[in-house]
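If you count the sequence shown from 1, position 93 lands on 336 in our numbering, and the numbers rise without skipping.
Below, in silico cross-link-like pairs of lysine to aspartate or glutamate (DMTMM-like), each with a Cα-Cα straight-line distance of 20 Å or less: (1) K246 - D330; (2) K403 - E341; (3) K335 - D410; (4) K381 - D267; (5) K381 - E392; (6) K381 - E396; (7) K381 - E285; (8) K403 - E429; (9) K249 - D330; (10) K335 - E347.
In case anyone wonders, no lab produced these hints; they're calculated from the structure.
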Amino acid sequence: DLKNEKGVSGYDQPFSNVTTLLWDLPYGRGRRYGASAHPALESILGGWRLAVINFANAGMPVNLSYSPSSQFQVSTAPAYRPNITGDPMMPKGQRRAERWLNPETVQIPTDPSRPFGNAGRNIARGPSLHQMNFGLHKEFSLRETSRLELRMEAFNFLNKTNFGTPDANRSSAAFGTITSAQPAREIQFALRYSF
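Based on the provided sequences and hints, a complete structural model is requested.
Laid out in structure tokens, this is it:
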């Protein structure tokens, strides 16, 4: 069924945006304010940097399939795709982790002489990803040639739930459900000495 092998690649993302913002707070040595501040005050308030990295990506393609019974199976090599009678995605306002794909429009073929359904390759799409990473860095000058940097970094800073891809095997009882997600907020601290 080569005509249904044509489709988008498994890593197709029609929208992918990464925006990075870096801001050196304007206080401390060599900056707009506080250039002549007392060293104790400058060590507390000076040398701070904020970093924000924001990711916004379209969902990954989902290839619908089913597990054929032995009477249907021609080979173990191809992916057996089901028949579709409508949009395999739930309507946009009704999509949720418990029901991302629409089981009513995705059917397993019943004719053993035609085990390949009419579903094309990668015709469904998983949830999009939106994540903001945040960093707060503080630099301390120790001597002319050495410095100490304190870093706090938070991945998925807003703690947004980014779901994985749905179960796309129509033979599975969990068809259309999403049971995985990207990691929740993670925070790390680091101390770096440069000389």
